[in-house]
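Peer 1: The whole structure should be built from the sequences, with the hints applied where relevant.
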Amino acid sequence: MSAPLLRVENLGIEFGPADAPVKAVDGVSFAMAAGETLAVVGESGSGKSVTALALTRLLATPPARYVSGAIQFQGREVMTMPAPELRALRGKQIAYIFQEPSSSLNPVFTIGYQIREAIEQHRPEVRDVRGEIVRALDLVGIRDAATRLGDYPHQLSGGMQQRVMIAMALACQPNLLVADEPTTALDVTIQKQIMDLLRELKSKTNMAILLITHNFGLVSDFADRVVVMFRGKIVESGPTAEVLRHPQHPYTRALIECVPKLGQKQRRLKVIDYAGIN
Amino acid sequence: MTTYILRRLLLVIPTLFGITLLTFLLIRLAPGNAALIKGQTGENGGHAMTAEVREQTIKLYGLDKDPLTAYGDWLVKLAHLDFGQSLVDHRPVLTKIRERIGLSVSLTGSALVLSYLIAVPVGIAAALRRGQRTDRMISFVVFLLYSIPTFVAALVLILLVAGGDYLNLLPMYGANSIDASEMSGPAWAWDRIKHMILPVICLTYGSLASISRYTRVSMLEVLGQDFLRTARAKGLSERRVIFSQALRNALIPIVTVFAMELPALIGGTIIVEEIFTLPGMGQLVFQSIEARDQFVIMGVVTISAFVTLFGYLMADILYVLVDPRIRFE
Ligand SMILES: Nc1ncnc2c1ncn2[C@@H]1O[C@H](COP(=O)(O)OP(=O)(O)OP(=O)(O)O)[C@@H](O)[C@H]1O
Ligand SMILES: [Mg+2]
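Line order of the protein sequences matches chains A and B.
If you count by my numbering, then the first sequence holds residues 70 to 347, one letter each, in order.
If you count by my numbering, then the second sequence holds residues 477 to 805, one letter each, in order.
No lab work stands behind these hints, which were simulated from the structure alone.
Just so you know, even glycine gets a beta-carbon here, dropped at the ideal spot from N, CA and C.
Which residues of chain A face chain B? A partial, calculated answer using Cβ under 10 angstroms:
hint : residue
1    : T125
2    : A129
3    : R156
4    : A157
5    : A164
6    : F167
7    : S171
8    : S172
9    : V177
10   : Q224
11   : A238
12   : C241
Peer 2: If you want it as structure tokens, here you go:
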């Protein structure tokens, strides 16, 4: 394998009092190649979001503490990066979309302005900023983009808001898109539209995607590889098909069984038996 | 929006009724009346009024009527925009108010602007250093200031910087120096400003507590919002995240706070103008209360009440204008 796009080594992040810390992320290591799609799967509270935010040191310290680890992006160490370089990384190299589009957009600025901020921050060479914003909105399938620039977030539906978030993230053509449960807050039909959009964008660009989800159903046809997190640790990783077919860890097995099969009569929801794990 | 404003304006009317009726009754129930007080001071060449003259005066002023009838009379006149005459010097109330309102408006206006200019940055600083020493210091100082009565602050300031005992930097009283009429335009303006500094300070310091607290709370609430994480994730500098994004959100509730400050400010002018001998509405109302000059008091109260209620309406309209999420249809 050539030099990876991203390499995370022994990442450790804690919250809470130093004498009784909550180890949100505990010795996590993984790597991503350019253009690769990696899914991070795990139940609520397993440390997925904390890991994702740490990639550009977005966690506020305090309450968070980076206790160990190294994060290399394109060979540069993020953990010790000075603030200006870090800002150049955020949005330009690594862009984010979050779970709740409605609270992730600032309600008192127009969507056009919020995309403009990203473009002006990272692409000062762009002359026709407005045209660029329209193009970004077009790309994510917002019709009549030119007339929507002046809309405020609350004037859009949740699905549209998430499209705006994606447009904003892609406006600076990042090498890595971190999508933290991008569809959890949306209803099922919109979920599918957004995932289809991400798939389409992935094929158009050579962008790597880190997809965070607790839904194995989304993973199978989307991700090249899967990482399974459990209580702050990676308990299993490998190519998607392999992990799905031969899950090694009991927790992974339980997660996979949680996914209701399409076209199959829904069984009683399987409850994860924690006693059997660890 | 227009219907909303109209509806709110209609609500102003009953409120004004309530305020004026209450004031009227309070004046009438207070011991003494204009005729009695005039009689005591012996205004007519130093002699006290005879009982006969006093009776005539009472009748003339309508002070013998029962309070509700008198209030009715006053309302009828008011409907014709007639505020009546002063019982002291017999000049129209409206004329007296017109002469004095400018000074009071500039006093309260300056105090309001100054409190915002000081309190908003102070509130933001407190929010950004939440729980730290700066935050605790700020809250200690603003609440200390809040608890100092205006007249104490005024007297201390006069003693320290205007009395001549320690520092003689600023004039002690009046809106202008005695020779102001001979001054050139800029010199006159500078003279006026010097006379206004202490009164404006006295009106301002009490508002700092509430406005800075509101700003702090509002800012803290915004600082925890997800969209700031988005702003940081875009690569915006921390300064932009705070002062462009967060501040805009935090200021929305603050723009309406001025309406809540208005009653305190208007009340404050009564004491401040009296202490600093400023010929404004506050002094007018102070003197009128002493003389039981009821129509002047009623005039000032009516106008102050209207200004306050109008302030609340303005605040609501402003809120709609600055917050894109709220629209009245
Ligand atoms: N701001 C915080 N303060 C204290 N603890 C935190 C904070 N953020 C996260 N944690 C801790 O870190 C752990 C991991 O949280 P994280 O948000 O990464 O979970 P997640 O896997 O993303 O879950 P979800 O699926 O619910 O989004 C949580 O259990 C929580 O205890
Ligand atoms: Mg999460």
